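Once you've looked at the hints, go ahead and assemble the two chains, each given alone in its own frame, into the complex.
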Amino acid sequence: MRLQYPTNVRVIQLPCSGRVDILHLLRSFEDGVDGVYVAGCMEGDCHFLTGNLKARRKVEYVQKVLESLGIEPGRIEMYNMSSAQGPRFAEVAREFTERIKELGPSPVGQAQAA
Amino acid sequence: MIVGDSKPLEEILSMIEGRDKVLVLGCRGCVTVCNVGGEKEVGILASALRISRKKAGLPPTVEEMTLERQCDPEYVEELADVAEKYDAIVSIACGVGPQFVAERFRDVAVFPGINTTFIGGALEHGVWAERCQSCGNCLVHNFGGLCPIARCSKSLMNGPCGGSASGNCEISPEVPCVWDQIVQKMSAMGRLQELEQVWPNKNWLTARDGGPRKRVREDLKQ
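So the sequence lines, in the order shown, correspond to chains A and B.
Reminder that position 72 of the first sequence reads as 72 in our numbering, one-by-one numbering, no gaps.
Here our numbering runs 1000 ahead of the position in the second sequence, where the first position is 1.
Simulated from the structure, these hints should not be mistaken for laboratory data.
Please read all numbers here as calculations on a predicted model, not as lab measurements.
Built from N, CA and C at the ideal position, the CB exists for glycine as well.
Any given hint could be a false lead.
[Claimed, not checked] On the chain A side, residues computed to face chain B include the following (Cβ under 7 Å):
hint : residue
1    : 22
2    : 23
3    : 26
4    : 27
5    : 29
6    : 30
7    : 65
8    : 68
9    : 69
10   : 73
11   : 108
12   : 111
Same shape as in the complex, but just chain B (with noise of 0.2 Å):
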């Protein structure tokens, strides 16, 4: 899932500071399940904006909802009738959220709540780790099922690098070293032998690196 972190509500307050109307819009789809933007996130920051603009003795006019998804303009639709009365939405999806908002309401102040940090997986309750850099190549069967380009500090995909230590990246001792992790899981499996493989210089067109991607399925499209 995409997992984000709320921005601090002092610059939440910030941004909409002058504007009356406000909408705090969330997001079913990952910010839901990271408890990042879903509706009882909204509830909470809507609860606390209100909580300052009583205190300021301003009109509290801060709205809820939450829709399916903010990714999807068919989802986005649902603000059709109600957009263009507020000065200024707050969406707490991540970073597409505000995005399709603002482009399907041009005249609306759209305003992110949240930091959208990267594509992870809960490890536990309360606690995330970025599994994946959208690369647009997967090799992770390559490496045991570890991605050395997501985690890996480096993105090396031929060994460890010098700063491997007792099973750590030198970045911190709180981050462990996937290529450790790597040529532990292989050992394990028997299968050391296929790192011996050299890979030649990664072709990160199909990452970020191309510039912004965009992908159209000929089957699916109308």
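In isolation and in its complexed conformation, chain A is listed as follows (with noise of 0.2 Å):
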């Protein structure tokens, strides 16, 4: 399966979905991303049980964070896919991204860069 999704995507590994933390999330936007999305398990199947859970309340916690911020807070999306989906993976990746493209880029990412 040599599929293609957008360059623009970097790939963070990480043990586990619930290994994410909100810290991680709101640095990358002071950092200027336009967007993250975690890639977690499907919801049911997390090896250590409830990590993907956990995850997804932190990216619910980030996208609060935002709105107070006045940041559009869908530039964080929570999605889960098995890892034997590669053709969703792909297909998260250009929705992610199309969505992105559509909010423009980081207000704080602009605002740096001025």
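In structure tokens:
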């Protein structure tokens, strides 16, 4: 499977989506990224039982923080897919990239570049 | 422990508006345990404030520091070399923290980043409940270890009021009637007759009603 997905997506590997931290997510926005999504396993299929559920809650927390700061909460999203769903991974990468393109560059990154 | 809640980000942002250099100051005491004012929360708040500043094109000078405790002068003293260089210090300790910092550093503007809510404990991870009202005269042993002062909406000492229904308080079906709990507990322990004791009006002078409280321990004082 030589699946194509947008080159702007930078993959950061973690042992489990539950390892994602609110600070990881916030710091990436601080550094000016336009969007972040967390790709965890299917709900109910977590090897550590609740890692992906915890990741979702952290993503939701950051969505609220962004909203309070006047930044579109849609710039961060949680997706669930299994490691056997390569085509879905590529599809999500395209889907999220499209969403971010519609939202435009992050106001943080823009202010920094100015 | 003292339990608190983070203030809304919007409120904190409006407090520090126009102030360039900001320090977010955490506390490793109670507020660390209730996940609202420790090193982790300092990082989260500081990061959110930096994002906001960068977005507005302002200098993102928001620094982080966490003291062992903000309610002891020797720890607050750790700020001595740095406090003056900030235009605002946002303390996310309980209400004692911002006051101790403001008293020690008189020229620095100090802002509270959390609302101190109550003295309580964790029922489970992420759930806290009030257990003590610091009335200054503990009587819980008379009520099966359950405090009617802190846990009864009316602080009744001589049994439930007419608002107790199906084990809940009339203020909300989610608030258990502590008097129902007291009676159940004392019955289970075979001590129900102890509740026949009639309590006269409580002397509230030891509570907040006697004015701000201060305690001097001659055996410890230097």
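| task | Under 7 Å, Cβ to Cβ, is where residue 108 (chain A) needs to be relative to chain B, so tell me if that hint holds or is violated. | result | holds (5 Å)
*Measuring from the C-beta of residue 69 (chain A) to each C-beta in chain B, is the shortest one below 7 Å?*
Nearest chain B Cβ about 5 Å off; hint holds.
Under 7 Å is the threshold here; is the Cβ of residue 73 (chain A) close enough to any Cβ of chain B for the hint to stand?
Constraint on residue 73 (chain A) not satisfied, violated at 13 Å.
TODO: Using 7 Å as the Cβ threshold, decide whether residue 111 (chain A) counts as touching chain B.
DONE: Constraint on residue 111 (chain A) satisfied, holds at 4 Å.
| Are residue 26 (chain A) and chain B close enough, Cβ to Cβ, to be under 7 Å, as the hint says? | Status holds, d = 4 Å.
- Would the stated hint for residue 22 (chain A) survive a check requiring a Cβ distance to chain B of less than 7 Å? Holds - the Cβ of residue 22 (chain A) comes within 7 Å of chain B, reaching about 6 Å at its closest.
**Request:** Identify whether the interface hint at residue 65 (chain A) stands, where standing means a beta carbon of chain B within less than 7 Å of its own.
**Result:** At about 5 Å, which falls below the 7 Å cut-off, the nearest Cβ of chain B leaves the hint on residue 65 (chain A) intact, so it holds.
Review point. Is the interface hint for residue 23 (chain A) satisfied, with its Cβ closer than 7 Å to some Cβ of chain B?
Key: Nearest chain B Cβ about 5 Å off; hint holds.
Exercise for review: Tell me if residue 29 (chain A) is really an interface residue toward chain B, meaning its C-beta lies closer than 7 Å to one of theirs.
Suggested key: holds (5 Å)
- Task: Could you check if residue 30 (chain A) really has its C-beta closer than 7 Å to a C-beta on chain B?
- Result: holds (5 Å)
Original post:
For the hint on residue 27 (chain A), does the least C-beta distance to chain B fall short of 7 Å?
Top reply: This interface hint holds because 6 Å falls under the 7 Å limit.
Margin query: Using the nearest Cβ pair, does residue 68 (chain A) come within less than 7 Å of chain B?
Written below: Hint on residue 68 (chain A): holds, closest Cβ of chain B at ~4 Å, below 7 Å.
Violated hint for the displayed structure: number 10, the only one.
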